[in-house]
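Residue numbers (the working numbering), protein chains in the order written: chain A, 32 to 654; chain B, 27 to 363.
Keep in mind the hints are simulated off the structure, nothing from the lab.
There may be inaccurate statements among the hints.
[Stated by the list, open to error] Distance condition first, Cα-Cα at most 27 Å in a straight line; then the derived DSSO-like pairs of lysine-lysine:
hint	chain 1	residue 1	chain 2	residue 2
1	B	Lys220	B	Lys259
2	A	Lys315	B	Lys220
3	B	Lys220	B	Lys298
4	A	Lys622	A	Lys527
5	B	Lys279	B	Lys244
6	B	Lys73	A	Lys315
7	A	Lys230	A	Lys192
8	B	Lys173	B	Lys159
9	A	Lys578	A	Lys601
10	A	Lys578	A	Lys632
11	A	Lys632	A	Lys133
12	A	Lys230	B	Lys346
13	A	Lys315	B	Lys346
14	A	Lys226	B	Lys346
15	B	Lys259	B	Lys244
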Amino acid sequence: MTDTAPRELPLQELDEVIIRFAGDSGDGMQLTGDQFTSISAALGNDLATLPEFPAEIRAPQGTLAGVSAFQVRISDFAITTPGDAPTVLVAMNPAALKAQLKNLVQGGAIIVNTDAFNERNLEKAGYESDPLEDGTLDGYRSYPVPMSQITRDAVAVHGVKPRDAERSKNFFALGLISWMYTRPVDPTIEFINTKFRGKELVIKANEAAFHAGYNFGETAELFESHYEIKPAELPSGEYTNVNGNTALAWGCAAAGQLARLPIFLGSYPITPASDILHDLSELKHFGIRTFQAEDEIAAVASAVGAAFGGALAFTTTSGPGVALKGEGMGLAVSLELPLIVIDIQRGGPSTGLPTKPEQADLMMAMYGRHSESPMPIIAPRSPADCFNAAIEACRIALRYRTPVMLLSDGYLATSSEPWLLPDVDSLPDIGVDFHTGFNGTNEDGEGIFLPYLRDPETLARPWAIPGTPDLMHRIGGIEKEDGTGNISYDPENHQKMVDLRAAKIEAVDVPDVEVAGDTDADFCMLGWGSTWGAIDAAVDRLQQAGKKAAHVHLTHLNPLPKNLEEVLSKFETVICPEMNDGQLVNLIRAKYLLDIKPVNKMNGVPFTTAEIESAALQAMEAS
Amino acid sequence: MTDTPTRTEPADWATDQEVRWCPGCGDYSILTAMRMLMPELEVDREKTVFISGIGCAARFPYYMNTYGMHGIHGRAPAIATGLAMARPDLDIWVIGGDGDMMSIGGNHLIHALRRNVNLKILLFNNMIYGLTKGQFSPTSEVGKVTKSSPMGSLDAPFNPVSVALGAEASFVARTHDMDRQHMMEMFRRAHEHKGASIVEVFQNCNVFNDGAFEGITKKQNRDGNLISLEQGKPIKFGADGEFGVVVENGGAKVVSVADVGEDALLVHDETKPDPSTAFMLSRLSRGPFEPTPIGVFRAIERIEYATSSTAQLAMAQNDKGSGDLSSLLRSRGTWQV
Ligand SMILES: Cc1ncc(C[n+]2csc(CCOP(=O)(O)OP(=O)(O)O)c2C)c(N)n1
Ligand code: SF4
Ligand SMILES: [Mg+2]
Numbered sequence: 032m033t034d035t036a037p038r039e040l041p042l043q044e045l046d047e048v049i050i051r052f053a054g055d056s057g058d059g060m061q062l063t064g065d066q067f068t069s070i071s072a073a074l075g076n077d078l079a080t081l082p083e084f085p086a087e088i089r090a091p092q093g094t095l096a097g098v099s100a101f102q103v104r105i106s107d108f109a110i111t112t113p114g115d116a117p118t119v120l121v122a123m124n125p126a127a128l129k130a131q132l133k134n135l136v137q138g139g140a141i142i143v144n145t146d147a148f149n150e151r152n153l154e155k156a157g158y159e160s161d162p163l164e165d166g167t168l169d170g171y172r173s174y175p176v177p178m179s180q181i182t183r184d185a186v187a188v189h190g191v192k193p194r195d196a197e198r199s200k201n202f203f204a205l206g207l208i209s210w211m212y213t214r215p216v217d218p219t220i221e222f223i224n225t226k227f228r229g230k231e232l233v234i235k236a237n238e239a240a241f242h243a244g245y246n247f248g249e250t251a252e253l254f255e256s257h258y259e260i261k262p263a264e265l266p267s268g269e270y271t272n273v274n275g276n277t278a279l280a281w282g283c284a285a286a287g288q289l290a291r292l293p294i295f296l297g298s299y300p301i302t303p304a305s306d307i308l309h310d311l312s313e314l315k316h317f318g319i320r321t322f323q324a325e326d327e328i329a330a331v332a333s334a335v336g337a338a339f340g341g342a343l344a345f346t347t348t349s350g351p352g353v354a355l356k357g358e359g360m361g362l363a364v365s366l367e368l369p370l371i372v373i374d375i376q377r378g379g380p381s382t383g384l385p386t387k388p389e390q391a392d393l394m395m396a397m398y399g400r401h402s403e404s405p406m407p408i409i410a411p412r413s414p415a416d417c418f419n420a421a422i423e424a425c426r427i428a429l430r431y432r433t434p435v436m437l438l439s440d441g442y443l444a445t446s447s448e449p450w451l452l453p454d455v456d457s458l459p460d461i462g463v464d465f466h467t468g469f470n471g472t473n474e475d476g477e478g479i480f481l482p483y484l485r486d487p488e489t490l491a492r493p494w495a496i497p498g499t500p501d502l503m504h505r506i507g508g509i510e511k512e513d514g515t516g517n518i519s520y521d522p523e524n525h526q527k528m529v530d531l532r533a534a535k536i537e538a539v540d541v542p543d544v545e546v547a548g549d550t551d552a553d554f555c556m557l558g559w560g561s562t563w564g565a566i567d568a569a570v571d572r573l574q575q576a577g578k579k580a581a582h583v584h585l586t587h588l589n590p591l592p593k594n595l596e597e598v599l600s601k602f603e604t605v606i607c608p609e610m611n612d613g614q615l616v617n618l619i620r621a622k623y624l625l626d627i628k629p630v631n632k633m634n635g636v637p638f639t640t641a642e643i644e645s646a647a648l649q650a651m652e653a654s
Numbered sequence: 027m028t029d030t031p032t033r034t035e036p037a038d039w040a041t042d043q044e045v046r047w048c049p050g051c052g053d054y055s056i057l058t059a060m061r062m063l064m065p066e067l068e069v070d071r072e073k074t075v076f077i078s079g080i081g082c083a084a085r086f087p088y089y090m091n092t093y094g095m096h097g098i099h100g101r102a103p104a105i106a107t108g109l110a111m112a113r114p115d116l117d118i119w120v121i122g123g124d125g126d127m128m129s130i131g132g133n134h135l136i137h138a139l140r141r142n143v144n145l146k147i148l149l150f151n152n153m154i155y156g157l158t159k160g161q162f163s164p165t166s167e168v169g170k171v172t173k174s175s176p177m178g179s180l181d182a183p184f185n186p187v188s189v190a191l192g193a194e195a196s197f198v199a200r201t202h203d204m205d206r207q208h209m210m211e212m213f214r215r216a217h218e219h220k221g222a223s224i225v226e227v228f229q230n231c232n233v234f235n236d237g238a239f240e241g242i243t244k245k246q247n248r249d250g251n252l253i254s255l256e257q258g259k260p261i262k263f264g265a266d267g268e269f270g271v272v273v274e275n276g277g278a279k280v281v282s283v284a285d286v287g288e289d290a291l292l293v294h295d296e297t298k299p300d301p302s303t304a305f306m307l308s309r310l311s312r313g314p315f316e317p318t319p320i321g322v323f324r325a326i327e328r329i330e331y332a333t334s335s336t337a338q339l340a341m342a343q344n345d346k347g348s349g350d351l352s353s354l355l356r357s358r359g360t361w362q363v
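Work out the full structure: start from the sequences and follow the hints.
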C-alpha cells in the first residue's frame, strides 16, 4: 500500500465510456480487457466488447502487425454495439499508438507507457520522431506513465526477475483504469489468484502491479478527476458475459439435450471458427463427440455419417472451409439427413482477412452447391443470439431432415455482451422420433420400408437408423425414386424430386418479421446478422434527431419470412447495410422485384452507428 | 448378450436390386464371396452397414441387404469414421475402387488407417478408372495407354499395401477375385480384427483393363507367381515349394530353396509390431507379373479409435458428472441485475 494520503479528486459522472486497450500481442491486452469487462458487468453496466487480433500469432514484437487490441464500451443505458470510436486509448508501445490513434475520438484520452517509447520501438513502429513530443498528440488529452519502470519497482520486492517483472505491466494498466473508472479492487485480486493458481510468484507480481497502477492514479497528480458510470437499467435476472462462438457452442450443447440426441462435431481448425471446436471438445461430459478431421471435406463427410447413425451432427468452419464442404452438403441435401453447417464468415476471397468479419458468404450459403440444392439459412444478430440461432438451426434440421447453414461472422464470434440467462426449462423441445416400423406394403401385402416416403405435413422423409430391425435400406447421392429411394434415372422422377426438395425447404416454418423503430415511417433499414446492433443504434440516433425510421431484421434468410414482401412494400425507401457487395439486396430484388438500396462496406471492420446513420440520412434526402 | 443372431442364408443378404456391373466383371465374385461369408460371421443384417464412395466398386452397398450408403467420390472412409464414432455398436464395411481410395480419397484412407477406426475397408483394385470409362488410375503401371494417356501414363503407381503399412494400418491383407475361398478368409480375418483393417482385392475389369492380373491369378500362373503368406510358416511358393523368400541387404528377395536351404527362409509373422518386414514383403513385387504375396501382411493389436473416444466421454462424465445445461451457462461467472 502507499504511504501517501489519497488526494481528494472530483468524481465525475459519465453515461458511457469506450476504452481501447492496445499493445503488443504478447502484452496480455485481451486478458486485461476481458477482466475490465467482467468487473464492469458485475457493477451492472451494460457493455459490449470488440477484440482485435493480429492475423499472425507472434508477429515481430513491437511492430504494427503485432498490435493486439480490445475495445470495451460500458454505459448506464442499454447499448447494442461496442461503440464507433474509443474515447480512451491505452497504448502500451509506439506501434499500438500508431495503429490505434486514428480510431480515437478528437479530444480523447491517451494513456501511454512512456517506457516503451525508446528509439528501437519508435523505429519498429515507423515513427521518425517521438510522437509524445512532436505534436502528434495535440488535440488529445495525453497521460504519459512510465508503466514498465513502476511495475518493475513494484514487483521487485517479491524477488521477481526484472525480465519477468515487466510481464505484469498489463495489470498495472488495468489497475490504473480501474481507479479511473472507480472499479472495485477485490474482484481482480480474486481473478489473479484463480487464473494463476499454483504460480505464487506470478500472483504476487500481478497483484503488486495492479495495486501500483491503482495507487498511481490516486497519487500521481496527473489526472484531474476520476469517473463513475452508474449501473444500466436492464431487465432483472441473472446475467453472464458471452461471446458469439461460446454462445454457439452452448447452443449446440443445449440442442443436443433438447433433442435428446448425442452430438457429433466433425471439424477442421480455421480462424475464426476454431473456438467452437475447442469449446465443444471441453463438453465431453455432455456426451459430445468431437472429431478433428484431416480436412473440411472429411469433417462434413464424418458429420453426414454420424447423422446417418442417428447423431445430431455439426460441422463448423469459415468461408474457405465451406467451399470445400460443398459436395458433402450436396450429399446431405440428397440424403435428406439433418446436419448443421456453421460458417463463421471472414474476409475473402481465398485466405483474405482471417481475423476480420464479412457477410459475403450469403450467396455461397444460398447457391454454393452444384445443381438445385436448397438449404435453410439462419443468421444470429448478436453474440448472445448465437445461442438461439444454434437451437433454431437444429430444430429445422431435425424437423425437416435437411442440412441447415448457420451464418455467423468474425465480429459476432469474438465480441461479447451481457446475456440474460434463459430459463433452461423454457427452451423448446426439438426432439423427433426415429422411424422404427414398416411404412408400406409390397405386392404380396408384406410390410416394407420406404425410406423416401414423406411426411405429408413437413415433406420430411423417415429417419431410420442402422440397428433398427427390418428397416435395412440403402441411400445414396444418385437420384432416388420418390418413395422407395431406389436408384432412378427417370426424367419425370428427377423433376419431381427436385420440386419436392425445393418445396420442403420453401415450406420450412419461419416466424414473420417484426418491424422495430417507427412502424409508421416511410424509411426502413433491412438488415441480417451482425449489423443488427449498429442499425438498432442508428435508429435511436435518427429518432433523437427527430427522424422516423423503421428497422426490419432477418434471422431466417432461407426461406424468407412469409410476410417480408408485404412488410417491405409499405416503405417508400428501404436501405440494406451489409458487409458485402449487396448479396441480400440481390436476393430481395430477384425474389420480390423491390428496389431496395444497398449500403455496402468491405473493409473488415463492422459498420459503425455513425456510418449507418449517415447512409440513412442520405437515403432520406434522396427520396 | 442375450439375442444370438438368427441363422441366415447367403440369399438373405441379397437385395431386390438388379446387379448392374458388366457381365464378367470381377466385382460379381467379390459380391458372391461376401454374401456367402455373412451367414458364417453370425452377424445381424441390421447391425451391418456398407459405406462406399463412387465408382463401379462403390455400387456394392446397393446389393447387400443391410444398411448402406453410397456416398461421394473418395469420402467413404471419412463418412464411415463419423458413423463408427457415433455408433461403435455397428459392423461397418467400406468399399471403394483404386481411384476412389488411392486418388481422390487417399487422404481419408490414410487417416482412417492411422486412427485405427473400427472399419473393414475393401479396396477393389482393378488398376483403372472403371466407371468413367477407362482412364489410368493411381495404381496403373507407368506407360499405361488409356484415353487420357495416349502416349502412356507418366505417373509412378502406388502400391496400396505399402501405402497402408506406411499409414500405420493395424491389419493389411491382399486377395484376388479368382479365389473365393481366399477372399472369404481374408474378409473373415478383417472382420475379426478390432480397429481398421484393409484388404486389397485384385479385381479384373474385363472392359477397360482385362487380364491385368492374369500374370499371377490365372490357374497356370498361380503356382509360380502367387505367394501365399501363412502365419508362422516359412514363405515358400511354386508347384513343389521350390521357391522361397529371404531377407537380404535390408530387402525381401525371391530365391530358390535348393540354393539357400529351408532354414534360411523368412518365417512369416504378421504380428510383428515393427512393420518393416511386412513392408519388405509388399515391395517384393513390382506388379502383377512377378511373384506377388497375398494373404495377411500385418495384424497387430492397437487401441481402436471409437473405443478411446467413448472412454474419454466416460472419463469426463466421471470427473464432471453428466452435463448440466444450467450450470454450463453459468460456468463463466454470472451477476444479478
Ligand atoms: C468429385 C467427383 N469427381 C469425379 C467423379 C467421376 N468419377 C466417378 S468414379 C471415378 C473413378 C472410378 O475409379 P475407381 O475408384 O477405381 O472405381 P472403379 O470404377 O474402377 O471400380 C471418377 C473419376 C465423381 N463422381 N466425383
Ligand atoms: S467397367 Fe470394369 S469395373 Fe466397371 S463394371 Fe464394367 S467390368 Fe466392372
Ligand atoms: Mg478402379
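Violated hints - listed by number, lowest first: No numbers; nothing is violated.
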